[in-house]
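In order, the protein sequence lines correspond to chains A and B. To convert a position in the first sequence, counted from 1, into the numbering used here, add 7. To convert a position in the second sequence, counted from 1, into the numbering used here, add 1362.
Simulated from the structure, these hints should not be mistaken for lab results. Remember, it's a predicted structure, so these values are computed and weren't measured experimentally. Just so you know, even glycine gets a beta-carbon here, dropped at the ideal spot from N, CA and C. Misleading hints may appear alongside valid ones.
[As the list claims (entries may be wrong)] In silico lysine-lysine, BS3-like type, Cα no more than 30 Å apart, as pairs: (1) B/Lys1684 with A/Lys60; (2) B/Lys1475 with B/Lys1793; (3) B/Lys1383 with A/Lys197; (4) B/Lys1475 with A/Lys164; (5) B/Lys1416 with A/Lys197; (6) A/Lys164 with B/Lys1766; (7) A/Lys164 with B/Lys1562; (8) A/Lys60 with B/Lys1416; (9) A/Lys164 with B/Lys1485; (10) B/Lys1562 with A/Lys137; (11) B/Lys1684 with A/Lys58; (12) B/Lys1423 with A/Lys197; (13) B/Lys1684 with A/Lys20; (14) A/Lys20 with B/Lys1766.
[To be verified] Computed, partial: chain B to chain A, Cβ under 7 Å: (15) Gly1370; (16) Ile1373; (17) Gly1400; (18) Ile1495; (19) Lys1496; (20) Gly1555; (21) Val1556; (22) Tyr1693; (23) Ala1709; (24) Met1822.
Residues per chain are reported as follows:
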Amino acid sequence: MSILSEISENLQKGRAKNVKELVARAIEEKYTAKEILEEGLLAGMSIIGEKFKNNEVFVPEVLIAARAMNAGSEILKPLLAEDGVEAVGKVVLGTVKGDLHDIGKNLVRMMMEGKGLEVIDLGVDVSAEKFVETAIAEKAQIIACSALLTTTMGEIKTVVEAVEKAGIRDKVTIMIGGAPVTQSFCESVKADIYTPDAATAAEAAVAAIN
Amino acid sequence: MRTINIGGKKIICDDGENLYKALLRGGINFNASCGGVGTCGKCYVDIDGVGRVKACQYSVKEDIALSLSVQKIEALTKGMLRDVKADNKAACIAADIGTTTVVAYLIKDGKIKDAISSVNSQKPYGDDVITRIKYTIDNEDGTDRLHSLIKNQIKQMVSELSERNGALVSDMAIVGNTTMLHLFAGVSPASMGVAPYTPKFTELKKIGNATLLPSLSAYVGADTVAAILASGMHLSDKKCLLIDIGTNGEIALGNRDKIITCSAAAGPAFEGAQISCGTGGVAGAIDSVKINGGITYTTIGGLPPVGICGSGILDTVAQMLKAGHIDSSGYFEDEILYIADGVSITANDIRQVQLAKAAIAAGIGTLVELSKTDLSEIEVCYLAGGFGSFLNKQSACDIGLIPKELLDRVVPIGNAAGMGAVLWSVSDECKKEVQGITDKAEYFELSESSIFNRLFIENMAFE
Ligand code: B12
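Work out the full structure, taking the sequences as your base and the hints as a guide.
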């Protein structure tokens, strides 16, 4: 097995320590940072995402795989910067105001990072202004909002309106999700993309940027 | 103007009106946990000439005739009642306003003389408290409407109880979750729908001849305070655990010195919602399952199976684990298992069970860690509420809903909230004890607790 597929395999099993060692070895063996990232780390995360979508793995497996990915990408980060490799795109992510649920949102972050996106995670209880301010300051292409409560999903509409008011509606794609959110809700608040799960969210984000 | 004909009963609605809303207005009681946004799949109706549709996704553009199978929900009225000295001999009422069902007791000479239960008349406005709160936010007259529904329902129950017992009742003790108490009092629950989830009141409240027992927080209400009272854990030397396994998953741990509580929002999976063939504890629901080569099951009332309820779901998952249909991570290779004709469990159902049981288990674990309790110190694990009374405790421990160490110490105590309200009504000592419980009990907020988060993930697997 090539070292890159070994990285992918170990990442899928959540073996952070192995991933770290393998990434270091791959660098020694003169693979480029971009190759290691794409064919090792991101390839592994892609498979995890696919399995998550198909109910083959669940939240804990995704979390440990993501931890392994982070262990590897920490080492790669300076090299990627040196080589001038840029992230696929930038996403501002958070759980909307009044809502403190963050597990689903965290999975979205991990899956997006697993697709090579840079994610600015604003945490929970994030106001519409904060989403907009950060998106402008960071020149993000996507604002992604998570809402887990029937009572807070309305806050998504406030975000859409704040984006319009700031005059950046044509510059950002608004993605929304969380258990009570649906496609028809997405249409009714004039957000752009809804997906039912984190893996699909990451794919849709990449597609929206390209 | 359009007419909806339901087996003779007619509802008039506007052209293009949403069918779900029209039916609600007409008093049709759905089990719709999503409140009509198209996700829970519990409002299917069969329209003549059209077929099966989700009522909430259908607009009425012509006169239609339809049939529905509204399922009957039975409330648990019985519970463990400890011996107390009866100071109040007069006829009075104790009521437990649950989100799903309302139970009222007629008490005389310090004893329960009669009990009556009915489905909460607010139920068409959502299965869980959050959906009801949302209704009061979206509709200006929402609080008033839900308030008068419950007020009238209680009034009706009281008059039925007093009539059929020929008793003249004076006072009434009321328990319920904090949202139900707000709505009974006609106070808007809106501030409890978003963080930081602040109730408008938690203290004991008198409204006319009714006394609302005190709550501890937005999501640990007077029903839990009453359940603690009924269990007697506040008088015990040894530590006791009290769990109400339901949508809001209230948990209390402690003894006479201190009690700590939390609410682990498990969701309605154990009430059958969010499960593909799930149903409440209705006639025909599969309520116990054994997998031993083949699959055998029982149903409520011995009727042909209509779906599977909480205790059946619990058994199925425990048995599937044992039989190797699912592994300890919850992976279900076959993706679907048929239990009976038309009743199955899917890979997604297993995931829903994992979320619900992990929330409860992590809630318990958080309180255990915070109070530096060793599981061996816990003398009794009381299960309050309907589901706790019907579940197979072996299955509950096998899937990790309740810590395995506690298996032999699990004691179901039925409608403990209702029993607590009864005790409060008859005993002066218990009235004092309720005050003591609110002084001694502490509420711990699980949101943003790193202990809960760690345990929630750890408990998702079936180890
Ligand atoms: C865990 C949990 C909690 C934890 C939160 C921990 C945390 N750090 O997040 C705690 C216990 C703190 C909590 C609190 C509350 N909770 Co809670 N909670 C849950 C639970 C059990 C699981 C939620 C979860 O993490 N799911 C797993 C993740 C992976 O799924 P997900 O979030 O849906 O995310 C996926 C998709 O939706 C999507 N996605 C998510 N975000 C985004 C964003 C974008 C842009 C996209 C594209 C996709 C996407 O991708 C994810 C992965 O595929 C659910 C019930 C259930 N069984 O679902 C209730 C639930 C969400 N909670 C609920 C409620 C009401 C509360 C409370 C407000 C009140 C309460 N106690 O009941 C409290 C707050 C106060 C308190 N502590 O009591 C309700 C909401 C009901 C409703 N109608 O809105 C639920 C449904 C349970 C119930 N009572 O019915 N809760």
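Those earlier numbered hints the structure runs against, lowest number first
Per hint list: 4, 6, 15 and 16 violated.
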